[in-house]
Amino acid sequence: MIEPSQWLRTHAEQLGVKQENINSASVDLELGGEVIEVRPNGQRITYHLAPGEEFIFEPGSLYIAHSEEYTRCPTSHAWMLNLKSSTGRKGLNHLHAGWGDPGFEGQVTYELVAHVPVTFRRGQRIVQLVYMRLTEPTAEPYGGQSSHYQGQIGATEARQ
Amino acid sequence: MIEPSQWLRTHAEQLGVKQENINSASVDLELGGEVIEVRPNGQRITYHLAPGEEFIFEPGSLYIAHSEEYTRCPTSHAWMLNLKSSTGRKGLNHLHAGWGDPGFEGQVTYELVAHVPVTFRRGQRIVQLVYMRLTEPTAEPYGGQSSHYQGQIGATEARQ
Amino acid sequence: MIEPSQWLRTHAEQLGVKQENINSASVDLELGGEVIEVRPNGQRITYHLAPGEEFIFEPGSLYIAHSEEYTRCPTSHAWMLNLKSSTGRKGLNHLHAGWGDPGFEGQVTYELVAHVPVTFRRGQRIVQLVYMRLTEPTAEPYGGQSSHYQGQIGATEARQ
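Residue numbers (the numbering used here), protein chains in the order written: chain A, 30 to 189; chain B, 30 to 189; chain C, 30 to 189.
One thing to keep in mind: the hints can contain errors.
Intra- or inter-copy, both count: the list cannot distinguish identical chains.
Subject to a maximum C-alpha distance of 25 Å in a straight line, what follows is the list of computed SDA-like cross-link-like pairs (lysine to any residue) [as the list claims (entries may be wrong)]:
#1 LYS47 / GLN189
#2 LYS47 / GLY172
#3 LYS47 / GLN179
#4 LYS47 / GLY173
#5 LYS47 / ARG188
#6 LYS47 / VAL145
#7 LYS47 / ARG68
#8 LYS47 / TYR178
#9 LYS47 / ARG162
#10 LYS47 / SER105
#11 LYS47 / ALA168
#12 LYS47 / PRO88
#13 LYS47 / GLN174
#14 LYS47 / GLU169
#15 LYS47 / ALA187
#16 LYS47 / PRO80
#17 LYS47 / SER34
#18 LYS47 / GLN72
#19 LYS47 / TYR99
#20 LYS47 / GLY71
#21 LYS47 / PRO146
#22 LYS47 / ASN70
#23 LYS47 / SER175
#24 LYS47 / GLU98
#25 LYS47 / PRO69
Treat the hints as calculated values from the structure; they're not laboratory data.
Computed from a prediction, not measured in an experiment: that's the story for all the values here.
Put together the whole structure using the sequences plus the hints.
In structure tokens:
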């Protein structure tokens, strides 16, 4: 079952999300300050954005970025990441990933590609999380031995 | 929790979906009549399809399209949009968006890109909605002040 | 509601998934042995991989692939497919599809595109399934007359 706005408002501080970004049954996350551009030839360029600074995502590259927020998922829930509708309509896509394990904490990594040039500012709302209740808290929370991304900060590439 | 076929059959008229498009635990939506092609250089071309008319989605452009159906989501539920499996196997993709807020009504906007040329007819089933129950009805249904897409008709580009 | 690790461990054999691939609230699936490359001009090339053999997904083509596992979904549940986070961070995408109907059984078809060259081995974990409980078992399980993909084996293209 999906958690509505009132649950998000009550738990926002614990979850690490912002009150002003809460929707009917989801909460928006913002674009953080580090972006890694990966070109098809494998070349990497890292950008650091000041608060409010604009960045243009161009077609042809993969971009590894991250949330401004440092999030924490309780062991009783998981989250699903979607693009905000407006982000998709502008032509910026997120790869078909984005599952927050119960127990995960960290900044959320984004994997983005652009189908037309799309401009975003650091701090602008870009994706949304939907919180889903588990049938019971997991017996194996994220954060154990093979949890490669626990506590991640910044744009974090694959670790396995 | 996910609603099964029998719930969809009982609520189809209220939801604005078609009985003949109901699956085991989802319902298909059809391709509507307006398609906006956005080329990488920003050029826009709008197409109007007659019922049953074919349209070819070509690689390299972003397409903003919409459902034939005018849908309504109750405040006790939200929906998730997926491609129909056959649409994906043909190489037509939908961006990683498609979350129906409790309280939203309107035609559903599609953001599509093709990896090979793919032909669809207006009225052909193209995506599916999965209805998920909330833990309780939302206190802040979609449709308030910052609800940019409430009641949208046709292919609707980003409004913010 | 989402099923946690302990439910996945209890039902792994029935679901057709591997104990060693279970996460906090999802289970990974592996890359199977058949891959169909579909080029933008429509040309198709079929590859057969030996266990452990490497395959390079290259930008520009669509790849139809499948799970090593033969899965079965109970009529009380459905599943959602996501990329594993590490797969997305490497730049390999799955199209916005992947919904397992209650009652479906078969190998799971993958529709993949690469934004940079990405290497995977047959048997390597590539996507994950999240099992969601229905509000009640579906009255119309997958497997009836218009169920085009029931029992599918190998990389299976669109059948409608």
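Hints, one by one, checked against the model:
In the homo-oligomer, the alpha carbons of LYS47 and GLN189 lie at most 25 Å apart only across protomers (19 Å), although the nearest pairing inside one protomer, at 31 Å, exceeds that limit. Within a single copy, LYS47 and GLY172 get their C-alpha atoms as close as 24 Å, and across copies as close as 21 Å, so both meet the 25 Å cut-off. When the C-alpha separation of LYS47 and GLN179 is checked against a cutoff of 25 Å, the pair qualifies both within a copy, at 21 Å, and between copies, at 24 Å. Proximity of LYS47 and GLY173 under a CA criterion of 25 Å is satisfied inter-copy only: 19 Å between copies versus 27 Å inside one chain copy.
Proximity of LYS47 and ARG188 under a CA criterion of 25 Å is satisfied inter-copy only: 22 Å between copies versus 29 Å inside one chain copy. For the homomeric pair LYS47 and VAL145, neither the shortest alpha-carbon distance inside one copy (29 Å) nor that between copies (34 Å) is at most 25 Å. In this assembly of identical chains, the alpha carbons of LYS47 and ARG68 never lie at most 25 Å apart, being 33 Å within a copy and 35 Å across copies at closest. In this assembly of identical chains, the alpha carbons of LYS47 and TYR178 lie at most 25 Å apart whether taken from the same copy (22 Å) or from different copies (22 Å).
With identical chains, the CA atoms of LYS47 and ARG162 are at most 25 Å apart both within one copy (20 Å) and between copies (24 Å). For a Cα distance limit of 25 Å, the shortest separation of LYS47 from SER105 qualifies both inside one copy, at 20 Å, and across copies, at 23 Å. With identical chains, the CA atoms of LYS47 and ALA168 are at most 25 Å apart between copies only, with a shortest distance of 17 Å across copies and 29 Å within one. Proximity of LYS47 and PRO88 under a CA criterion of 25 Å is satisfied in neither setting, with 30 Å inside one chain copy and 37 Å between copies.
Taking CA atoms no more than 25 Å apart as the test, LYS47 paired with GLN174 passes between copies only; the shortest distance there is 19 Å, against 30 Å inside one copy. Proximity of LYS47 and GLU169 under a CA criterion of 25 Å is satisfied inter-copy only: 16 Å between copies versus 28 Å inside one chain copy. Taking the shortest alpha-carbon separations for LYS47 and ALA187, only the inter-copy value of 23 Å comes in at or below 25 Å, while the best intra-copy value is 27 Å. In this assembly of identical chains, the alpha carbons of LYS47 and PRO80 lie at most 25 Å apart only when taken from the same copy (16 Å versus 45 Å across copies).
Taking the shortest Cα distances, LYS47 and SER34 sit within 25 Å of each other inside one copy (12 Å), while across copies they are farther apart (29 Å). In this assembly of identical chains, LYS47 and GLN72 lie within 25 Å of each other by CA distance neither inside one copy nor across copies; the values are 35 Å within and 36 Å between. Within a single copy, LYS47 and TYR99 get their C-alpha atoms as close as 11 Å, which meets the 25 Å cut-off; across copies the closest is 32 Å, which misses it. Proximity of LYS47 and GLY71 under a CA criterion of 25 Å is satisfied in neither setting, with 35 Å inside one chain copy and 33 Å between copies.
With identical chains, the CA atoms of LYS47 and PRO146 are never at most 25 Å apart, being 28 Å at best within one copy and 37 Å at best between copies. For the homomeric pair LYS47 and ASN70, neither the shortest alpha-carbon distance inside one copy (38 Å) nor that between copies (35 Å) is at most 25 Å. For the identical chains of this complex, LYS47 and SER175 are inter-copy neighbours only, at 16 Å across copies versus 30 Å inside a copy, given an alpha-carbon limit of 25 Å. In this assembly of identical chains, the alpha carbons of LYS47 and GLU98 lie at most 25 Å apart only when taken from the same copy (8 Å versus 34 Å across copies).
In this assembly of identical chains, the alpha carbons of LYS47 and PRO69 never lie at most 25 Å apart, being 35 Å within a copy and 34 Å across copies at closest.
Consistency with the previously given hints fails for numbers 6, 7, 12, 18, 20, 21, 22 and 25, ordered from lowest to highest.
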